Amino acid sequence: MDLVGQIDPHRPYHEIVHYLDRFFIFLFIAASYTPWLSLREFEMNIGQVTLKIIWSTALCGAIYQYHWRKKYALLSLILYLTVALLPAVSLVFMKDHSGIGDILLGGLMYIIGTYFYTMDGKIPLAHAIWHWFVTLAVFIHFYAAERHLFSH
Numbered sequence: 037m038d039l040v041g042q043i044d045p046h047r048p049y050h051e052i053v054h055y056l057d058r059f060f061i062f063l064f065i066a067a068s069y070t071p072w073l074s075l076r077e078f079e080m081n082i083g084q085v086t087l088k089i090i091w092s093t094a095l096c097g098a099i100y101q102y103h104w105r106k107k108y109a110l111l112s113l114i115l116y117l118t119v120a121l122l123p124a125v126s127l128v129f130m131k132d133h134s135g136i137g138d139i140l141l142g143g144l145m146y147i148i149g150t151y152f153y154t155m156d157g158k159i160p161l162a163h164a165i166w167h168w169f170v171t172l173a174v175f176i177h178f179y180a181a182e183r184h185l186f187s188h
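Start counting the sequence shown at 37; every next residue gets the next number (our numbering).
Take the hints with a grain of salt, since some may be wrong.
[Said to hold, decoys possible] Pair by pair, the computed Cβ-Cβ distance ranges are:
hint, residue 1, residue 2, range
1, SER74, LEU140, 14 to 22 Å
2, ASP156, ILE52, 16 to 24 Å
3, HIS133, HIS50, 29 to 37 Å
4, ASP132, ARG47, 45 to 53 Å
5, MET155, HIS50, 16 to 24 Å
6, ARG47, LEU185, 18 to 26 Å
[To be verified] Simulated pairs of lysine to any residue, SDA-like, Cα-Cα distance not exceeding 20 Å:
hint, residue 1, residue 2
7, LYS131, ARG183
8, LYS131, ARG76
9, LYS107, GLU51
10, LYS106, ILE159
11, LYS88, HIS54
12, LYS107, MET155
13, LYS131, HIS54
14, LYS106, HIS54
Keep in mind the hints are simulated off the structure, nothing from the lab. Since the structure is predicted, the reported quantities are computational estimates derived from the model, not experimental observations. Glycine is no exception: its CB is placed at the ideal position from the N, C-alpha and C atoms.
Let's have the full structure, built from the sequences with the hints guiding it.
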C-alpha cells in the first residue's frame, strides 16, 4: 500500500496512504496470531487474555499512527513489538504444542523486520524490506494454521 504513496510523496493522499500502511500492519500482525489464540486450548485462559491484549494494542497502535506517528517513534516500535511478540509468551501455556516452531519462526521474521523498520530512511528500501519480513511472517503463520489447526 505504501508503494502508492511513494510514487509521488508530495500528493495530498500521501499522508493518508502512509497512515493506512502503518495502520494495516498492526491489524495484519494481530490477525496472524488470532487463529492460534482462539482455537487452541490454553491453561488459565491465557489465549483469550492474550488475544484481547494484542488486539487492544493493535488498535492503540493504529490510532497512535494517526495522531502521533512522527512525534514518538519509540512508542510505535514498542507497540509493534508487543503485538508481534506477546503471543510467543503465551505459547508456553498451550496444551497442544504442535506448530510452535512455525509460530516462533513467524515471530522471528517480525523481529528481524523490526531492524529494517528502525532503519527506515537510513538504509535504501528499508521500509520495503520490513514489509517483506512482515509478509513472510504472516505467510508462515497462515501455513502453520492451515497445517496444524485446520487440517484435521
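Against the structure, the hints:
Between SER74 and LEU140, the C-beta spacing of about 19 Å keeps the proposed range 14 to 22 Å intact. Judged by the Cβ atoms, the range 16 to 24 Å given for ASP156 and ILE52 holds: they are separated by roughly 18 Å. Here the CB-CB span from HIS133 to HIS50 is close to 45 Å, at odds with the stated 29 to 37 Å. For the hinted restraint 45 to 53 Å between ASP132 and ARG47, the CB-CB distance of approximately 49 Å keeps it satisfied.
As the Cβ distance of MET155 to HIS50 is approximately 21 Å, the hint placing it in 16 to 24 Å holds. As the Cβ distance of ARG47 to LEU185 is approximately 42 Å, the hint placing it in 18 to 26 Å is violated. Between LYS131 and ARG183, the direct Cα distance comes to roughly 17 Å. Compliance with the 20 Å bound is thereby established for this hinted pair. Straight-line distance between C-alpha atoms of LYS131 and ARG76 comes to about 8 Å, which keeps the hinted pair within the 20 Å bound.
Between LYS107 and GLU51 the alpha-carbon distance is near 15 Å, which keeps this suggested pair within the 20 Å criterion. Straight-line distance between C-alpha atoms of LYS106 and ILE159 comes to about 18 Å, which keeps the hinted pair within the 20 Å bound. Between the alpha carbons of LYS88 and HIS54 the distance comes to roughly 26 Å, so the proposed pair goes past 20 Å and is violated. Straight-line distance between C-alpha atoms of LYS107 and MET155 comes to about 17 Å, which keeps the hinted pair within the 20 Å bound.
Between LYS131 and HIS54, the direct Cα distance comes to roughly 40 Å. Violation of the 20 Å bound is thereby established for this hinted pair. Restraint check for LYS106 and HIS54: the C-alpha separation of about 12 Å stays at or below 20 Å, so the hint holds.
Checked against the numbered hints given earlier, this structure breaks hints 3, 6, 11, 13; the rest are met.
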